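> Residue numbers (my numbering), protein chains in the order written: chain A, 140 to 262; chain B, 7 to 499; chain C, 1322 to 1807.
Simulated from the structure, these hints should not be mistaken for lab results.
Please note that a few of the clues may not be correct.
To be verified - Simulated pairs of lysine-lysine, PhoX-like, Cα-Cα distance not exceeding 25 Å: (1) Lys204(B) x Lys196(A); (2) Lys1480(C) x Lys377(B); (3) Lys377(B) x Lys1485(C); (4) Lys377(B) x Lys1474(C); (5) Lys1343(C) x Lys377(B); (6) Lys103(B) x Lys456(B); (7) Lys1695(C) x Lys377(B).
Unchecked claim - Per the computed footprint, the stretches of chain C lying under chain B, defined by three or more beta-carbons under 8 Å from a beta-carbon of chain B, are: (8) 1455 to 1463; (9) 1504 to 1513.
Nothing here was measured: the structure is a model prediction, and the numbers come from that model.
Think of the CB as a built atom: it goes at the ideal place given N, C-alpha and C, for glycine as much as any other residue.
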Amino acid sequence: MSSAIYNFISSYNYYIIIFLMVSGLFIVVSRGNMVKKLVGLALFQTSVYILYISPGKILNGTAPILDDGYSVYSSPFPHVLILTAIVVGIATLALGLSLVIRVNEEFGTIEEDELFDNELNNE
Amino acid sequence: MNEHAPALVVMLPIIGAVLIMLIRHNNLNWSIALLSGISTIYYSIILYLNARSLGTISYAMGGWEPPVGIEYRIDEFNSLLIALIAIVSFLILIYAKSSLNIELKKNKISTFYSMYLLCLGGLIGILSTGDAFNAFVFLEISSLATYVIISMGNDRRGLLAAYQYLIIGTIGATLYVIGVGLIFIITGSLNLYDISIKLGDIELYRPLLASLAFITVGIALKIALFPLHAWLPNAYAFAPSVGTAFLASTATKVAIYLLIKYLYLVYGFDLVYSNQIFIFVILSLSIIAMFGASMIAIFQSNLKKLFAYSSVAQIGYITLGIGIANYNGLIGSTVHIINHSIIKAAIFLAIGCLVFSSKIVNIDQLAGLGKRMPMVALCITVSSLSLIGVPGTVGFISKWYLVLGSLEQGWWVVVFALAVSSILALIYVGRIIELIWFHAPVVGMDSENKIPFEMLAVTVLMTIATIYFGIDTRLTGDLAKIAVENVLLGEQL
Amino acid sequence: MSQQIIYLLPVLIPIFLSILIKITWEIQQLRYPILLSGPILALWSVYKLQQNSDFMSSSIDIFDIFTNIGISLGLEPISFVFITMVNSLWLVATLYSYGYMRTNNEKRLGNFFSFFAIAIGCANGAALSSNLLTLFIFYELLTVSTYPLVTHKGDEQSKQSGRKYLLILLGTSLCFFLPAMGYVYYLSGNLDFVSGGLLTTTLSGMEVNNVAISILLVLFIFGISKAAVMPFHSWLPAAMVAPTPVSALLHAVAVVKVGVFSIIKVLVYIFGLDILLGLFSVDLMIYICGFTIITTSVIALKQDNLKKLLAYSTISQLSYVVIAILILTPSAIIAASMHLVAHAISKITLFFAAGAIYSSTGYTKISEMDGIGKNLRVVSIAFTLGAMSLVGIPLLVGFTSKWYIVQSSVDVGQWFILLIITISTLLNIGYFSPIIYKFFFKNELKEVSFKTLPKDITLSIVICCVLMVILFLQPNLVMEVISNVK
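Okay, chain A solo, but in the shape it has when bound:
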């Protein structure tokens, strides 16, 4: 029993990641509002950031600054990567939102159900 709890706690970050990931995807799939979909997408991407960052943390490790007093550092590598990923995510979100604005200008609605039924699928 105790080992199960230990397992759970030692990898609780993964459970959070999975929860975020799945709820983000669920929002993307289930919502018809284009903005809400983008929110879900952002959540989905955020889960990935945590996926990268959390394994980089080493117990008792400090921030990766060279100093004589410390010998254990957290890995700085994921942070670098995730900075890039965040930039990419922002760019995607910005582009997505601006597309939504344009859609609203052109069609007068941002509900996918109305748009896709009327426009894309009826030739």
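Please build the complex by placing chains B and C on the supplied structure of chain A, with the hints as guidance.
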């Protein structure tokens, strides 16, 4: 400069993109785009020649040594593809000027060129990088540019198509990056070559299998492998014609290369193909793609959509070769990457000519085209025939290798599937050919603009290429062989 | 290099001709000389080729498509007979078609003749091919290039026929022929036509999987659906909507003949007769061909449209050739090739006559044709001769070939084939004799004005009749060449 060629092929288009965006001059933008296009071709050919003579080139980006720094690895395979897409996209650029004047608003043209080059840079980046995360960044760069390109057309439905693609594409890229994250957790490295060494003797245990699944599904979304293809028809149909031709001939192909790279170079043949389920899934999805998408294509009335579905079917051929996974099957795949890129460029460029001259969107409007525009009609006919795989065209070459590959495996079902799917292609192509040549022209068509010389020339050039490479396969077939022998199956042979 | 040119000439001449026709069509005076120069030049090139090569030892690679396999051309006995036949009949057919198309005011003549020439070029290519890939490529190109001819009229019916034509011919070849070719390559690592048979030579001494070879045979015979073995025969009657010269081209000169020719080549040079002996699928195919012969003859009995009747008769005659080659003896090869030539000449005569009747009177139905023998004497006699030749009456070439088929089947004790031939001969008489009776012994139903036929039509028909007699008297013209097959 030549030793920096790996960086230059990626940087030149991106620099061009930035320049165009900064200058925003309606007369200069095309020249800048052409200039960066031609210099990219120059360096891509240098790269290819170097890779042929010196073997794999490893280039440390910014002087940071791999595996920590980003490494660009150029081998005989990806340098070939870089040269291919550099040349094809340059030809499409020549064509673009007149077409864009008709299809885009004046103030958007600079943006279009900029996005075009950005996308090109991103795609070349994916091809050349040896770093898993860097590939993700380039994937997103090219995708973001693609979304913009799709949304720019005069048809307002382009916006919806772009949004749809943005959602699906981002999910795909994120799934990919999750897979990369898992590998990173397992091996502590992001350098693909380094990873492949570290994975060397590992068995396919669960986290590794999960990473394989995430990466495959993520890339498959970009490839538009059958059940994940929903974005592609709308995107192709409503993008400006130049954009469609460019995307159809380059973007999906690059994603396929990435998949091949993961399966054969990173995970390695033994690791991937020890898993029977994986082969089964890839094969059956490819076969369903070949059938399903062709079936849907038969019932399309929008011309671009028809060929978009045909693209989905043709992508099925490529992934089929990946699933067959022997020497001939892989040659079939790699050859078809090149061949299909040429065929679809020819077809969509010809359709662009039609849109230019008389705003043709639907298949019915093709009636009597043989009389009105014989050259364009001939181009569409010939390149559609090579979709079927009529001998003497490129389509036949790919099909031959795929048939050989599946025969070697003893998979008669696959052989049969290949044959029947060609018949489905015959049905939708036959319908078009009949309309073009044997129907009376529709009266009261829009007044025709005369097709400018350079548009026609590029279209004809591409069409001739579909025949030329179907007869003389020294360039395509032999290069594919070299790629497969030296790069992909190096250890197996 | 000059060697290559000599081999390529029979293919290139028709193709250049087609371009030339397209360019110079507007110049009235040049039309006839240019049209006729094509076949004559092609025949000359075949003659040069024959002078230049001793059979079978020489084939020449034009260029490679895949490693070691590519377009390669060569001349061996069967192809020599075939290519000579095709080009001689092209000459006759050109004479005829020009007259026909002019008389009937067919439109887009220039297009017609240029596609006609391309089709001949493809047939020549197929004839000279010295490996399976080359044969396959020209076979497919022939389908594509004859498609515009079939749909020449451009109305709804011909479009539908065109669809059927393309779908069946391309479909079967992609579904069966291509995989079969792939499998041959997989088995032997090669696709060359080898005397004695590629599979026989490469697989000798090895364990041969009989089931695989059997399936391969079935794939080839169904895949080469230009030979119109049932159930893939329906494109042929459908293609009858085309103008008569096109039908003549399809039936007698190029398309179906390339079909049976390909089957002969595949059986002789890819399988080799030895490897096929005793295979169950050989018997199976003999039964299917026998079934085809009888069924189509019965269908022909109740046709009223003359061209449709001829089409069904063609299907049954093609199966004669296939059944003959399936006897699998050297004499059977001779018989099959002989019948290929005999049927070509007889059928082209029949089609020319049918087209001439149509040009002169506008009749297409047999029931209308009572008593036309009185006015169209030459044409009716030619039709009678063609029919007699197909039935197998002596003094005409059809007798010779049928005789050899019967002889070779008796040699190996294939009584089934003998039975089939007997029944079908009776059926042949059954469907031809009423027509001939009507031509000569019935009174005209109504008064019609007979258009006089142009001289070139009459001339071409007479030439065909003379050819039928000559080949009866001198069968060695063909047989001595074929007997060189090893």
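> Take the C-alpha atoms of Lys103(B) and Lys456(B), compute the straight-line distance between them, and say whether it is at most 25 Å.
holds, 14 Å
> Take the C-alpha atoms of Lys1480(C) and Lys377(B), compute the straight-line distance between them, and say whether it is at most 25 Å.
holds, 17 Å
> Does the structure keep Lys1343(C) and Lys377(B) at a Cα separation of 25 Å or less?
Between Lys1343(C) and Lys377(B) the Cα gap is close to 15 Å, so the pair holds against 25 Å.
> Is Lys377(B) within 25 Å of Lys1474(C), Cα to Cα?
holds, 16 Å
> Quick one, are Lys1695(C) and Lys377(B) close enough, alpha carbons at most 25 Å?
Not OK: Lys1695(C) and Lys377(B) at ~45 Å, beyond 25 Å, violated.
> Starting from Lys204(B), check that the Cα of Lys196(A) is at most 25 Å away, please.
holds, 22 Å
> According to a criterion of three or more residues whose C-beta lies within less than 8 Å of a C-beta of chain B, is the segment 1504 to 1513 of chain C covered?
holds (count 3)
> Lys377(B) and Lys1485(C) were given as a pair; does the straight-line alpha-carbon distance stay at or below 25 Å?
Distance of about 24 Å is within 25 Å: holds.
> Are there three or more residues in the segment 1455 to 1463 of chain C whose C-beta lies within less than 8 Å of some C-beta in chain B?
Holds: 4 residues of the segment 1455 to 1463 of chain C have a Cβ under 8 Å from chain B.
In summary, the structure is inconsistent with hint 7 from the numbered list given earlier, while agreeing with all the others.
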